[in-house]
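*Asks:* I would like the entire structure built from these sequences, with the hints used as guidance.
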Amino acid sequence: DAGVTQSPTHLIKTRGQQVTLRCSPKSGHDTVSWYQQALGQGPQFIFQYYEEEERQRGNFPDRFSGHQYPNYSSELNVNALLLGDSALYLCASSFQGNYEQYFGPGTRLTVT
Amino acid sequence: LAKTTQPISMDSYEGQEVNITCSHNNIATNDYITWYQQFPSQGPRFIIQGYKTKVTNEVASLFIPADRKSSTLSLPRVSLSDTAVYYCLVGDKTGGSYIPTFGRGTSLIVHP
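Residue numbers (the numbering used here), protein chains in the order written: chain A, 22 to 133; chain B, 238 to 349.
What the hints contain is simulated information worked out from the structure, not anything from laboratory work.
Hints may be right or wrong, so weigh each one.
Mimicking DMTMM-like on lysine to aspartate or glutamate, the simulated pairs with C-alpha atoms at most 25 Å apart in a straight line are [stated by the list, open to error]:
(1) K47/A to E75/A
(2) K289/B to D329/B
(3) K47/A to D329/B
(4) K330/B to E72/A
(5) K47/A to E295/B
(6) K240/B to D268/B
What the simulated footprint calls covered on chain B by chain A, stretch by stretch (three residues with Cβ under 8 Å from a Cβ of chain A suffice, anywhere in the stretch; the number is not a length) [as the list claims (entries may be wrong)]:
(7) 243-254
(8) 282-290
(9) 334-348
Just so you know, these numbers come straight off a predicted model, no measurement behind them.
For each residue, glycine too, the CB sits at the ideal point set by N, CA and C.
*Replies:* Okay, here's the thing in structure tokens:
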């Protein structure tokens, strides 16, 4: 049983560009959350998707948007990239937002 | 106001028992206590969760006193592979979904 998978593993973008990160949840999970983790910090909640809708959102600007597909996979889009967007982006899945959340390995985004 | 307070770092040696205490003075009645483990460049991994008293699984034990204002994660006989960051989280399923809120965690280093 595959766990949470994310793609790509690493990504280098230039300031001002746009990026799309992808996540496939663990089999049987229907809820996907996205987190941003800067070096030396804990993961910060961006937003959560359930039933193809954004259910909750953290303190992130509108440049961060997402989508969930009928198969529960999800995308995170970031527009107008800033140097400060460089971080590890984590996807977590759960069944109906339960306490036990499974995290993917993350996508390391570097903005130059 | 931070929901949890835990030591920034701890050191131990192989074979020892490690206890990491987390303070959560403002824990709400509906809040659960959850611990995650994170290795470098990987997503956090769920370790254990509890509401009160003691919970034990194959990895760790979680001790929660009656007032629930603190909790202690106990790792029996640690090995080098237990070197990681450990996060203590409190929260409930607000709006029908649990959103883990991470602090900076405790960096545990296990020495030979």
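*Asks:* Can you name, in rising order, the numbers of the hints this structure does not satisfy?
*Replies:* 7
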